[in-house]
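Novice: Here are the chains, one letter per residue:
Protein chains: 2
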Amino acid sequence: MFEEKKPEWLETAERLKPALRCETVQPISGIPDHALMGNEDVVLDFGNHFVGHLTLKVSSQGSHPDAPAWLSIKFCENARELDETLEGYNGWISKSWVQQEQVHIDVLPAVIHFPRRYAFRFVKIKVLALSSKYRLVIEDAVAETTTSVDDNAVSPLIGDEADVVIDRVALRTLRNCMQDFFEDGPKRDRRLWLGDLRLQALTNSVTYRNFDLVKRCLYLFAATSNEEGRIAACLFTEPIVEADDTFMFDYSLFFIPTLLQYVQATGDNVTKDDLLPLAWHQLKLADAQFDPDTNLIRDSDRLGWCFVDWALKLNKQFCAQAIWIYCAEAALQMNDDPALEEKIAARKDAAKKHWYDEELHLFVSDTEHQISWASQVWAVLAGILEGEEAAACLDAVASCPDAVQMVTPYMMHHYVEALCCVNRKAQARQVIRDYWGAMVSNGADTFWELFNPVDPYESPYGSHVVNSFCHAWSCTPAWFLRCGILEDRA
Amino acid sequence: MFEEKKPEWLETAERLKPALRCETVQPISGIPDHALMGNEDVVLDFGNHFVGHLTLKVSSQGSHPDAPAWLSIKFCENARELDETLEGYNGWISKSWVQQEQVHIDVLPAVIHFPRRYAFRFVKIKVLALSSKYRLVIEDAVAETTTSVDDNAVSPLIGDEADVVIDRVALRTLRNCMQDFFEDGPKRDRRLWLGDLRLQALTNSVTYRNFDLVKRCLYLFAATSNEEGRIAACLFTEPIVEADDTFMFDYSLFFIPTLLQYVQATGDNVTKDDLLPLAWHQLKLADAQFDPDTNLIRDSDRLGWCFVDWALKLNKQFCAQAIWIYCAEAALQMNDDPALEEKIAARKDAAKKHWYDEELHLFVSDTEHQISWASQVWAVLAGILEGEEAAACLDAVASCPDAVQMVTPYMMHHYVEALCCVNRKAQARQVIRDYWGAMVSNGADTFWELFNPVDPYESPYGSHVVNSFCHAWSCTPAWFLRCGILEDRA
Chain B
5 MFEEKKPEWL ETAERLKPAL RCETVQPISG IPDHALMGNE DVVLDFGNHF VGHLTLKVSS
65 QGSHPDAPAW LSIKFCENAR ELDETLEGYN GWISKSWVQQ EQVHIDVLPA VIHFPRRYAF
125 RFVKIKVLAL SSKYRLVIED AVAETTTSVD DNAVSPLIGD EADVVIDRVA LRTLRNCMQD
185 FFEDGPKRDR RLWLGDLRLQ ALTNSVTYRN FDLVKRCLYL FAATSNEEGR IAACLFTEPI
245 VEADDTFMFD YSLFFIPTLL QYVQATGDNV TKDDLLPLAW HQLKLADAQF DPDTNLIRDS
305 DRLGWCFVDW ALKLNKQFCA QAIWIYCAEA ALQMNDDPAL EEKIAARKDA AKKHWYDEEL
365 HLFVSDTEHQ ISWASQVWAV LAGILEGEEA AACLDAVASC PDAVQMVTPY MMHHYVEALC
425 CVNRKAQARQ VIRDYWGAMV SNGADTFWEL FNPVDPYESP YGSHVVNSFC HAWSCTPAWF
485 LRCGILEDRA
Chain G
5 MFEEKKPEWL ETAERLKPAL RCETVQPISG IPDHALMGNE DVVLDFGNHF VGHLTLKVSS
65 QGSHPDAPAW LSIKFCENAR ELDETLEGYN GWISKSWVQQ EQVHIDVLPA VIHFPRRYAF
125 RFVKIKVLAL SSKYRLVIED AVAETTTSVD DNAVSPLIGD EADVVIDRVA LRTLRNCMQD
185 FFEDGPKRDR RLWLGDLRLQ ALTNSVTYRN FDLVKRCLYL FAATSNEEGR IAACLFTEPI
245 VEADDTFMFD YSLFFIPTLL QYVQATGDNV TKDDLLPLAW HQLKLADAQF DPDTNLIRDS
305 DRLGWCFVDW ALKLNKQFCA QAIWIYCAEA ALQMNDDPAL EEKIAARKDA AKKHWYDEEL
365 HLFVSDTEHQ ISWASQVWAV LAGILEGEEA AACLDAVASC PDAVQMVTPY MMHHYVEALC
425 CVNRKAQARQ VIRDYWGAMV SNGADTFWEL FNPVDPYESP YGSHVVNSFC HAWSCTPAWF
485 LRCGILEDRA
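Just so you know, the protein sequences line up as chains B and G, in that order. Whatever position you read off the first sequence (first residue = 1), add 4 for our numbering. Whatever position you read off the second sequence (first residue = 1), add 4 for our numbering.
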């Protein structure tokens with residue numbers, strides 16, 4: 005499918021690859037004023053979160069070094085990472101993501117250029133071994149940092165100080181994920197995910213307005229759709245552009261609202277016309293998951309078949325149906341289609357009939373009668389409920405302590421958006437201040453991949469040592485605070 | 005002292021810096037025929053001991069790698085090192101010498117060029133972490149190896165198979181230490197020591213005959229003598245040529261026989277005339293250590309004031325006196341001097357009178373009445389004893405189980421030479437076969453820094469993990485087997 009278009013799409017994407025802007029930064033503190041012995045360590049603090057390459061300048065004090073200097077270097081996005089080790093880590097995300105290196109320096113003085121790119125604010129240098137005849141002097145540290153955005157393109161937010169701080173951290177998050185494509189996280193996974201792209205593009209539209217980067221990413225996804233024309237959940241750009249073999253029901257569909265949002269922001273109808281058939285094709289592919297008799301989506305046992313949130317016990321069936329509806333509505337906005345309109349209406353209707361408990365004012369899953377925040381949020385976003393009924397549903401889940409909680413800023417974004425849909429602007433603003441604000445209180449320079457206010461360092465991976473602390477999908481407070489959605493209607 | 009000559013001497017040394025010969029080698033076994041998972045390891049065997057740089061070619065099997073590959077790479081001179089770890093190592097030689105690295109590979113396939121030079125036969129690659137979505141393929145491994153010798157310059161030894169093997173290993177040892185100067189060991193310490201140079205130059209004179217390299221090293225020592233004109237025990241060439249601040253009584257003096265041996269082998273009287281004043285100056289400096297009334301050398305508490313052997317409890321006083329005599333005799337061979345002749349005679353006489361126990365036929369130390377192999381060997385080499393009396397002394401120590409043993413091939417060299425001095429040629433040959441032959445039986449491709457046949461992996465450093473297994477001072481069997489000294493007189 006679309007095979008003849010793919011080479012052209014890839015060319016378009018590659019033509020839009022941005023030149024990175026480089027900025028040289030130095031630590032604001034931590035360069036030791038004494039020479040280090042074996043087993044000593046120091047922490048350089050660069051004062052903010054950066055993405056880039058480190059160069060260390062070191063020398064020796066004492067006799068001519070008669071043995072190599074052996075150092076470990078750990079790059080941390082977050083102060084708390086400084087003292088963590090991989091000892092005992094047995095999670096399913098590879099520990100190879102932890103940004104730590106070992107280096108032997110045979111000749112001193114030396115300028116050590118680390119070839120890998122890191123995401124960091126802090127750099128911990130530990131002397132693993134020297135000889136007793138000399139000590140190590142850290143002369144200087146310089147980072148060549150990169151982003152594809154122009155920091156000056158965005159004016160500071162005017163408003164409440166709490167909001168201003170949250171906005172600044174959100175912008176930093178987005179900025180540091182905007183490299184030569186929209187990365188999900190510059191520490192991990194460093195790749196292009198559709199779920200993240202959608203929220204990044206949204207925030208970009210009211211901040212850096214680097215629409216070419218959005219266009220590039222849309223074309224990257226288009227060019228790497230599979231032989232069925234299905235868009236992957238994520239893709240790699242190195243060593244060559246290649247889709248991951250992971251497909252998620254919701255992520256494939258999110259190509260549609262991402263394209264819509266790009267077209268609305270830019271008026272670029274050439275891109276719209278070029279990619280719309282592929283976008284519509286995602287709806288068609290999704291149809292296979294539906295029972296045509298009941299208009300209900302079939303549940304799936306495949307782990308990760310539909311993402312929704314990083315909550316492993318969350319039943320995704322209802323959310324998947326709601327997300328299909330949400331995306332189909334976006335498709336309609338780009339192209340009228342009475343048949344699709346009918347299908348949407350039927351599937352909305354079926355969803356409400358089948359899953360909505362009118363007494364509880366809540367959507368309940370088929371299996372285990374599960375009640376989740378995610379289901380209520382998506383019911384509102386998909387317009388399955390509207391008006392007072394929608395607001396009541398969000399209230400109801402808040403009074404339901406056993407409801408499956410939201411665990412990511414990604415899901416929290418959708419909750420805040422749902423509150424806006426039901427005109428709970430003040431509450432939406434408060435959720436941002438409480439949730440994203442709590443990350444700021446916990447020392448965030450950029451917003452995190454995962455955050456549970458009750459246990460700030462919770463991780464679904466077994467240890468937060470592999471968590472990403474600058475994660476694209478957490479950047480949306482800047483969108484909420486800048487797009488006007490939080491303003492009370494006059 | 006000699007300040008005006010030093011820049012010129014340094015220039016001479018640098019002009020003689022050789023171009024290294026490179027040879028590309030590949031493992032003879034170990035490249036795995038399957039893709040590796042996390043925690044798997046493989047051992048590449050390059051079939052012989054080499055000095056050089058490794059390049060690994062790796063790729064992936066399975067899905068597109070979604071996390072870096074994290075590897076540890078260990079370079080081993082010796083198979084036994086493969087399973088050793090630094091855990092619990094607490095010796096006083098820096099563990100930074102252990103040839104192990106960690107590397108993260110962000111993009112696969114990759115060609116990984118390791119920037120440091122290693123001494124190795126084996127390379128152990130362990131996968132510290134991958135993701136579950138792919139495996140690592142070791143496609144290829146190539147080492148760019150170096151030496152400054154021409155292997156074809158030496159004909160194979162003709163003779164007994166045991167001797168042929170020992171000679172081959174000795175040549176390999178010397179060859180791999182001959183880089184752009186005579187290194188003591190290409191794993192550790194990778195620098196120019198005078199004690200090693202003397203034996204390397206000796207062996208070189210009957211094998212590779214690369215006399216320019218000897219000349220270069222003599223000039224390096226001359227150029228870096230200190231403000232008193234004292235020659236250092238060792239020196240560094242990187243980042244600039246600089247002497248270590250270690251001085252040893254015996255090593256400074258060994259500049260004299262090293263120069264003599266060079267001049268005898270080459271007839272290069274220009275160098276002789278240039279460096280002889282500095283060589284003689286070492287004798288003069290050594291005089292300060294002598295009591296002019298007794299003609300006996302003063303003992304010293306300074307650890308390592310005189311090397312002799314790697315036996316920490318060895319009392320060095322007598323050996324130092326004998327080594328002074330040995331080196332003064334070498335000076336006389338380059339320049340007659342009746343006053344020096346007299347001084348030598350007086351110091352020989354005093355040494356014998358003071359330390360020789362006629363009943364035991366042994367030299368005994370002042371403190372603790374210590375009897376050591378080293379003292380008897382140096383008594384013979386210095387000509388303090390001669391003829392039957394000298395032979396009797398070597399026999400006597402062999403019957404003395406409490407004598408301080410010899411612990412290095414360096415000291416064993418002097419023992420074999422002493423046996424030759426007393427015309428015990430067959431015994432000398434047998435010592436070579438027993439001692440160096442036992443290293444061969446223990447798998448040596450090159451001879452070791454330290455070897456105790458009773459405990460082959462003994463180390464004075466706390467663990468043999470930091471021992472050097474290709475060490476210059478162990479290369480002299482090739483000299484004994486090739487220079488004719490072992491041949492019976494007709």
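Derived from the structure by calculation, the hints contain no laboratory data. Worth double-checking, as some hints may not be accurate.
[Claimed, not checked] Quick look at which bits of chain G chain B covers, simulated, 3 or more residues with Cβ under 8 Å:
| no. | region |
| --- | --- |
| 1 | 102-111 |
| 2 | 131-139 |
| 3 | 451-461 |
Quick caveat: nothing in here was measured; it's all calculated off a predicted structure. All C-beta atoms, glycine included, are put in the ideal place defined by N, C-alpha and C.
Novice: Now, for every hint given, state plainly whether the structure supports it.
Specialist: Against the structure, the hints:
1. 102-111: Contact hint for the region 102-111 of chain G vs chain B: holds, 5 residues under 8 Å.
2. 131-139: It holds: at least three residues are needed, and the region 131-139 of chain G offers 5 whose Cβ sits within less than 8 Å of chain B.
3. 451-461: violated (count 0)
Checked against the numbered hints given earlier, the structure breaks only hint 3 and satisfies all the rest.
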